[in-house]
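Engineer: Each chain, letter by letter, is given below.
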Amino acid sequence: MRAMTYRGPYKIRVEEKDIPPIEHPNDAIVRVTLAAICGSDLHLYHGLMPDTRVGHTFGHEFIGVVEQVGPSVQNLQVGDRVMVPFNIFCGSCWFCTRGLYSNCHNVNPNATAVGGIYGYSHTTGGYDGGQAEYVRVPFADVGPVKIPDWMHDEDAVLLTDAAATGYFGAQLGEIVEGDTVVVLGAGPVGLIAAQSSWLMGAGRVIVVDHLPERLEKARTMAHAEVWNYDEIDDVVVEMKRQTDFLGADVVIDAVGAEADGNLLMQVTGTKLKLQGGSPVALNWAIDGVRKGGTVSVVGAYGPIPNLVKFGDALNKGLTLRMNQTPVKRQWPRMFEHVRNGHLTPREMVTHRFPLEDIAEAYHVFSAKLDGCIKPLIVPSAS
Amino acid sequence: MTENHEDGVPTVYVSDKRTPPPSREELRARIPGWGADLDPADRPSNPKLQYAPGTSGAHWDFPERQPGAEGRERSIEHAFVTPVFGTAQPLHGVSGAIRRLAYVRFGEGRLAHWMLLIAGDRVDAWGSHLRSFASTRPDVPATGVRAEFTRGGVGSRKGRSDARHHLLDPVIVVGPWVAGAGAAALGVGKLLRALRR
Numbered sequence: 001m002r003a004m005t006y007r008g009p010y011k012i013r014v015e016e017k018d019i020p021p022i023e024h025p026n027d028a029i030v031r032v033t034l035a036a037i038c039g040s041d042l043h044l045y046h047g048l049m050p051d052t053r054v055g056h057t058f059g060h061e062f063i064g065v066v067e068q069v070g071p072s073v074q075n076l077q078v079g080d081r082v083m084v085p086f087n088i089f090c091g092s093c094w095f096c097t098r099g100l101y102s103n104c105h106n107v108n109p110n111a112t113a114v115g116g117i118y119g120y121s122h123t124t125g126g127y128d129g130g131q132a133e134y135v136r137v138p139f140a141d142v143g144p145v146k147i148p149d150w151m152h153d154e155d156a157v158l159l160t161d162a163a164a165t166g167y168f169g170a171q172l173g174e175i176v177e178g179d180t181v182v183v184l185g186a187g188p189v190g191l192i193a194a195q196s197s198w199l200m201g202a203g204r205v206i207v208v209d210h211l212p213e214r215l216e217k218a219r220t221m222a223h224a225e226v227w228n229y230d231e232i233d234d235v236v237v238e239m240k241r242q243t244d245f246l247g248a249d250v251v252i253d254a255v256g257a258e259a260d261g262n263l264l265m266q267v268t269g270t271k272l273k274l275q276g277g278s279p280v281a282l283n284w285a286i287d288g289v290r291k292g293g294t295v296s297v298v299g300a301y302g303p304i305p306n307l308v309k310f311g312d313a314l315n316k317g318l319t320l321r322m323n324q325t326p327v328k329r330q331w332p333r334m335f336e337h338v339r340n341g342h343l344t345p346r347e348m349v350t351h352r353f354p355l356e357d358i359a360e361a362y363h364v365f366s367a368k369l370d371g372c373i374k375p376l377i378v379p380s381a382s
Numbered sequence: 001m002t003e004n005h006e007d008g009v010p011t012v013y014v015s016d017k018r019t020p021p022p023s024r025e026e027l028r029a030r031i032p033g034w035g036a037d038l039d040p041a042d043r044p045s046n047p048k049l050q051y052a053p054g055t056s057g058a059h060w061d062f063p064e065r066q067p068g069a070e071g072r073e074r075s076i077e078h079a080f081v082t083p084v085f086g087t088a089q090p091l092h093g094v095s096g097a098i099r100r101l102a103y104v105r106f107g108e109g110r111l112a113h114w115m116l117l118i119a120g121d122r123v124d125a126w127g128s129h130l131r132s133f134a135s136t137r138p139d140v141p142a143t144g145v146r147a148e149f150t151r152g153g154v155g156s157r158k159g160r161s162d163a164r165h166h167l168l169d170p171v172i173v174v175g176p177w178v179a180g181a182g183a184a185a186l187g188v189g190k191l192l193r194a195l196r197r
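Residue numbers (my numbering), protein chains in the order written: chain A, 1 to 382; chain B, 1 to 197.
Okay, chain B solo, but in the shape it has when bound (with noise of 0.2 Å):
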């Protein structure tokens, strides 16, 4: 609340908030639970580190290391592979190389590392997508669109400040094909004329 003083001088310029909070009693009245936790010093996560060995059910010191690690990518901020490891999607093809380059080469410190891993991850969207043209089930543009038919996308919006910003969505998330297709289309025909001559 905006607060109205007598002689025009808010809380910031004096010693104390000139408005004091509601009164405990109040509160309690009020909030269910209200200063269960009021003693900073008895929350879960006060102090931060909190030394506690033998206490979170490890029975090792070091764990027994995860057989696979050897060729598998890892930060060179780091010794080894970790003893235990995420096997999916292991690292293949073209978007492999880049970001096995993004590994090998770059510390976790430098951008050139995270903007690797990201065009890795785009040639792997688009390597996928050309694949899945070949498959019975190829990729679309945006999945769950259907959403927008079902569950009010019109009427969902309505009055919201971010309704203009998703009109960009379209845009960008169908751009890239479009442009895709267009390129594809060229390419094929200028192939078409040049085996016409």
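For reference, chain A alone in the conformation it holds in the complex (with noise of 0.2 Å):
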């Protein structure tokens, strides 16, 4: 099968690897039909995670048509259209239990810090991802859904990340009526976070970035008041002066570890490497929420250590909330939401790459070219 394939820092190619085989009585083998880049894969590309080795498929946001099941599955046959949260869970750890399905303790032997991922690394467990035209799908009668026949193929597969992050991020966020919320980051999941947001009450949703074509769709699709900190000297102060020098009550990340919007952070986080990342969004959201207000973490970072301002967190009695999704708790409502129209993932896609181009992908992902917001990925098996 052809797959995408990691060589080092900055360098994917496609390859030809085996079609995966079923290595446990209840995994899938799925063929897939769509797969997306998400914000997070860049972490990858460019170097940030560490156990990413050569060879690696990255991929966690895919969908696909279940092509062989194993022995011990119940709920899936061979045909039937699926997709797939990014999590590998068991359902059955004293996390998947209690809903945690993002911290499943079954599915990676490679660290406890976190859960099981597609296509991120062995940090989380050392799964080929669904760039590729098969994937091997573990727990099948835990994690995948048959797609709803009125569900559009673009929708579901930002389903299974980008979109259910940003509705979670909103979550975290204990947002209550007529909240101003602020949301940093106009990339996929800012964008659904900024329209779950109004979900869930709040009065007004401020989005920042710095690229226009994300903050012109934050205004379209959000509708949401926009800043480009290009354009402002310090965001965090305009943070106070804009909400009558309380703050935010509420502010979601939904930017992670790569954050622009500092010479230094980004220098010896991003370029140099001298720490897991740059937190610039996380700083800003420490220090622009109100005090006793609510900071929600949902963009991506490291097990590497990143220069953070928990003081300022502590003396403003903050609250902190943060986790990576546990997708499939999201869907029942977001599936509704979705169909009446409240949700509406698709609109952020921008560029649709055959497999066969995703290094062009990835370059136009990675430096923000050509107004890219969402790119997605057609394997030429589907």
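Incorrect hints may have been included.
As the list claims (entries may be wrong) - Anything over 10 Å on all C-beta distances counts as not near chain A; from chain B, calculated:
id: 1; residue: Glu3
id: 2; residue: Asp7
id: 3; residue: Pro21
id: 4; residue: Ala52
id: 5; residue: Leu117
id: 6; residue: Val178
id: 7; residue: Ala184
id: 8; residue: Val188
id: 9; residue: Arg197
What the hints assert, rightly or not - FRET-style restraints, in silico, Cβ to Cβ:
id: 10; chain 1: B; residue 1: Arg30; chain 2: A; residue 2: Glu336; range: 42 to 50 Å
id: 11; chain 1: B; residue 1: Gly175; chain 2: A; residue 2: Lys291; range: 27 to 35 Å
id: 12; chain 1: A; residue 1: Arg241; chain 2: B; residue 2: Thr150; range: 18 to 26 Å
id: 13; chain 1: B; residue 1: Thr136; chain 2: A; residue 2: Glu336; range: 20 to 28 Å
id: 14; chain 1: A; residue 1: Glu336; chain 2: B; residue 2: Gly68; range: 36 to 44 Å
Worth flagging that the hints you see were computed from the coordinates, not collected in a lab.
Values in this document were obtained by computation on a predicted structure and should not be read as measured data.
Built from N, CA and C at the ideal position, the CB exists for glycine as well.
Put the complex together from the two separate chains, hints included.
Structural biologist: In structure tokens form, the structure reads like this:
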């Protein structure tokens, strides 16, 4: 089969690989019909995630058709069209039994501090991902869901991570009616977080970024006020000034570990890798939220330490809430919101690349060329 | 919006927001679905822990163990190799030895664990680059750069503050290749001189 493979930082290519076999009785093999590149894939691409091995196939946002099932699979059949949450989870450990599917303890031998994720280095379990023609899906009775007939494929693939993470991020904000919510980052997660903040009763939603095309999307798709931080001297002061000096009630960090906006952090974190990325957005969130407010973190950070202003969080009495998204838990309600048009994930898709052009897709997405907000990948076998 | 109150005292110094948010009616008219998840208790992730055994689709208490766990690396914070695990890219060579040391010797709370894994990554990448030079498909410093010409590399960055940071990328990406080529040239030169003596 054809599969994206990692060769080293900033280097990927498409190679011929064996179709993955069934390795556990509850495995399924899925033929990928549509995949996406996630912003967090860029952390792997840039060499920021420990134990990213040469030959690894990325990709944790994908949908497809079941090609083969293991002997203990009961809920899926060959030919089913499925959407697969980015989390790999057993459904039965201490954490899964309490709904923390993203923190499953039975799928990742390489680390206890993170669960299992498709195509996201060996730090999350060493599973090849879905930017390929076929992918192994463990615990087929637990994770995948048949795609509803009414659902558009592009909505389905975005619900496997980006959209679910945006919706989850708004929930972590503990928004109450009338709150002022600031969303840092107008990428796919931030756009859905902004839409979701309204569903939870926000009275004002502000999205901060510096890419004009993304801010325009936040304005039109998420009905948000938009701030271009390139045009603002100090984003934190602006958050105070624009909220009658109170600060935002809730700030959602939808950026993660490769934030721009501060040259020192960019160079030490993202370029020279002297810390685990650049935590500019998280520090803006901590300093811009009001005292006693809530910071929701759904932007991805890795296991290497960052220069985070924790003292400010302590002294302001903040609530910091975060997790990798337990995707499947979000789906029943999100399906309603997508069907009703309250959440519109596929509105974010700007580019569709054949798998053979995935190196170009990564470069375009990484360098933010050509107005790229969300690139999808179409495998040739689909 | 910046608010100007007659007494010059902003919200933060008094008991309540001085400018109330828009009314429900106004927000519902403007925003599709506004308030659909208004009740915090009725959101999918509330409460954080929802004890619900037997509802996930799992028909086991502890999953059957995947074969092949013997010798597979694991965090020493795990009691054993988890019943299901990835089998992609098993450890091999020098990078494999570095990574295995990280797993065997250091827990996840130790920076040494992660720095050794990063070191293993770089050794893995450079080893594979060197091997690729002996193949029909040698590695290049960066892939996908054709998009700079086909997808508006210059125009897309116009006016963006991060464009000046991008200037570092060629140095960081190509720099080690230039240094490697220089070191190789020096080494070959020294070798040739030694052979001539």
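Engineer: With reference to the structure, classify each hint as holding or not holding.
Structural biologist: Hints, verified against the model:
Annotated as non-interface, Glu3(B) brings its C-beta within 10 Å of a C-beta of chain A; the closest such distance is 5 Å. Listed as a non-interface residue, Asp7(B) keeps its Cβ farther than 10 Å from every Cβ of chain A; the least gap is roughly 13 Å. Some Cβ of chain A comes within 10 Å of the Cβ of Pro21(B); the nearest lies about 3 Å off, and the non-interface call is violated. Distance check for Ala52(B) against chain A: the nearest CB is about 7 Å away, which does not clear 10 Å, and the non-interface claim fails.
With a cut of 10 Å on Cβ distances, Leu117(B) falls inside the contact zone with chain A, its closest approach being about 4 Å. Non-interface call for Val178(B) relative to chain A: holds, since the shortest CB-CB distance, roughly 15 Å, exceeds 10 Å. For Ala184(B), the condition that its CB be more than 10 Å from all CB atoms of chain A holds, with the nearest at approximately 18 Å. Every CB of chain A is more than 10 Å from the CB of Val188(B) (nearest about 24 Å), matching its label as outside the interface.
At roughly 38 Å from the closest C-beta of chain A, the C-beta of Arg197(B) stays outside 10 Å, upholding its exclusion from the interface. At about 21 Å, the CB distance of Arg30(B) to Glu336(A) disagrees with the hint of 42 to 50 Å. Between Gly175(B) and Lys291(A) the Cβ separation comes to about 45 Å, which falls outside the hinted range of 27 to 35 Å. Taken as a hint, the range 18 to 26 Å is violated for the pair Arg241(A) and Thr150(B), whose Cβ atoms sit roughly 42 Å apart.
Our hint of 20 to 28 Å for Thr136(B) and Glu336(A) is violated, since their Cβ atoms are close to 53 Å apart. The hinted range of 36 to 44 Å is satisfied by Glu336(A) and Gly68(B), whose Cβ atoms lie roughly 42 Å apart.
Hint compliance for this structure: hints 1, 3, 4, 5, 10, 11, 12, 13 are broken, all remaining hints hold.
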